[in-house]
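Order-wise, the sequence lines are chains Z and A.
Quick note on my numbering: the first sequence kicks off at 1 and runs consecutively.
Quick note on my numbering: the second sequence kicks off at 1 and runs consecutively.
Just so you know, these hints were derived from the structure itself, not from any lab.
Accuracy of the hints is not assured; some may be wrong.
Since the list gives no way to pick out one identical chain from another, each pair is judged satisfied if it fits inside one copy or across any two copies.
[Said to hold, decoys possible] Calculated cross-link-like contacts (lysine-lysine; reagent style DSS-like; alpha-carbon spacing at most 25 Å): (1) K124 with K238; (2) K238 with K32; (3) K60 with K32; (4) K46 with K242; (5) K60 with K222; (6) K100 with K197; (7) K105 with K241; (8) K60 with K46; (9) K32 with K197; (10) K100 with K32; (11) K238 with K105.
2 protein chains.
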Amino acid sequence: MSERSVFFLSDQTGVTAETLGHSLLTQFEGQKFRQVTLPFIDSDDKAHEAVEKINTAAGKEGARPLVFSTLVQDEFRAVVRQSEGLYLDIFDVFLEPLEKELQQKASHTAGRAHGMSDIESYMKRIEATNFALANDDGGVTRNYEMADVILIGVSRSGKTPTCLYLALQYGVYAANFPLTDEELDNGTLPDFLVNEKEKLFGLTIAPTRLQQIRKERRALGKYSSAQQVRYELREAQKIFKKYGIPHVDTTEFSVEEIASRILNSTGVERRVRP
Amino acid sequence: MSERSVFFLSDQTGVTAETLGHSLLTQFEGQKFRQVTLPFIDSDDKAHEAVEKINTAAGKEGARPLVFSTLVQDEFRAVVRQSEGLYLDIFDVFLEPLEKELQQKASHTAGRAHGMSDIESYMKRIEATNFALANDDGGVTRNYEMADVILIGVSRSGKTPTCLYLALQYGVYAANFPLTDEELDNGTLPDFLVNEKEKLFGLTIAPTRLQQIRKERRALGKYSSAQQVRYELREAQKIFKKYGIPHVDTTEFSVEEIASRILNSTGVERRVRP
């Protein structure tokens with residue numbers, strides 16, 4: 001099957017168009033898509049350049065490219081609408097019912113208003129990121145009294161990226177502590193964790209997947225052996241059970257999904273919204 | 001003006017519904033929205049719960065809540081459609097034209113297929129994140145030959161969160177190096193950076209904003225004084241000019257926007273797609 005191009009057009013970063021388009025495309029298995037993001041379309045020239053790129057792809061592939069657009073300025077939308085692609089316009093579809101419901105005309109201006117609220121949410125994300133970095137891997141800093149959530153799990157179960165994502169996306173203060181031989185052999189958690197028991201959340205993962213991930217880091221030795229990996233995961237599971245710690249199996253999930261599941265399960269409030 | 005509730009419904013994390021909804025809502029200034037995400041709606045019970053929450057908000061607020069849905073399973077969509085909210089269904093609108101164009105029925109199954117490609121992109125993000133952490137703040141590790149991009153700028157200009165975002169979202173290998181007195185006073189970059197000049201990208205920021213951010217960290221002293229902040233930013237700008245380093249002013253942008261602008265300006269390829 002030949003590839004088909006998919007274009008994401010935006011006067012901003014294109015993240016909205018990408019996110020939406022990706023969600024929709026996963027509904028069509030077996031298709032091959034070449035994804036191209038064309039962000040910051042904020043001039044007539046750039047709009048015409050986008051049309052050219054779409055038409056070139058159309059000519060090469062012999063199939064209409066799919067075009068997801070979040071452009072809000074009517075003049076540029078009018079230009080890109082003329083391309084040979086299948087034009088899917090997010091604003092066309094949703095703005096009218098929203099205008100009617102809110103009894104207000106959409107501003108049709110590109111870009112978001114950047115007032116104090118943005119500085120505030122930027123600061124919150126930065127602070128949360130600094131917190132995650134300082135409280136990563138059970139390090140020297142353990143400001144656990146300030147944490148919204150403390151992730152625990154064996155090495156390479158996904159703790160660090162999940163903490164960083166929680167910080168960057170939601171401004172949530174997430175610390176993490178690795179379960180090592182000290183905890184796993186005794187089946188007990190240190191007091192400084194038990195004292196914050198209601199903040200603990202466990203990550204677990206399928207043994208074969210963990211082995212695969214660890215082998216990328218260190219191919220040989222006990223660390224990535226099937227036996228060790230199975231042992232650690234089994235003992236970690238016992239600890240989760242003993243202390244009644246909620247946990248999620250990260251095997252099938254992306255970092256975004258793990259983060260979202262943690263918020264959903266713990267009820268921790270987002271400090272900022274995307 | 002009273003608040004109006006906005007619900008994001010999903011059988012997954014809700015990130016797509018949130019992203020889309022947020023983009024649309026920024027078009028209506030002056031409105032106050034209370035945003036609620038209801039993720040993982042994967043049962044009849046949960047769909048009915050969602051309806052109850054929407055109807056409760058409708059009763060309290062005396063205005064129809066806005067409901068952005070990315071639910072794909074028809075049975076649950078049928079349930080939430082009955083709520084008193086204004087129902088905006090992403091799939092309703094776009095799946096039909098896509099089905100027609102691709103000559104394939106949408107699978108209408110919740111969740112993405114998690115095959116090897118996901119493990120691969122997960123590993124790429126993790127590796128990129130580890131790279132960003134190891135090469136943060138000009139630290140001991142300087143694997144600059146492996147970097148896709150090296151961000152430079154004064155303290156608190158946004159380097160660390162941008163590197164982490166580039167890693168987590170796009171799998172891009174981003175290092176960062178802080179411009180300190182050593183570089184600023186002499187107006188020169190160290191050789192190990194000059195050797196990688198084509199990878200350098202500068203971050204700058206408005207003096208008042210930088211001062212504000214630094215004061216959050218250390219309220220008093222030279223570090224957050226207006227004079228020092230202006231000096232550093234002016235000298236950094238000279239360095240960007242001297243070496244011909246592309247740069248972006250981060251004052252008005254979110255981390256996502258900065259990251260997207262860097263990719264767009266440098267042409268660095270994303271290693272993974274959201």
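**Hint check, failures only** = As far as the earlier hints go, 1, 2, 4, 5, 6, 7, 9 and 11 are violated by this structure, in ascending order.
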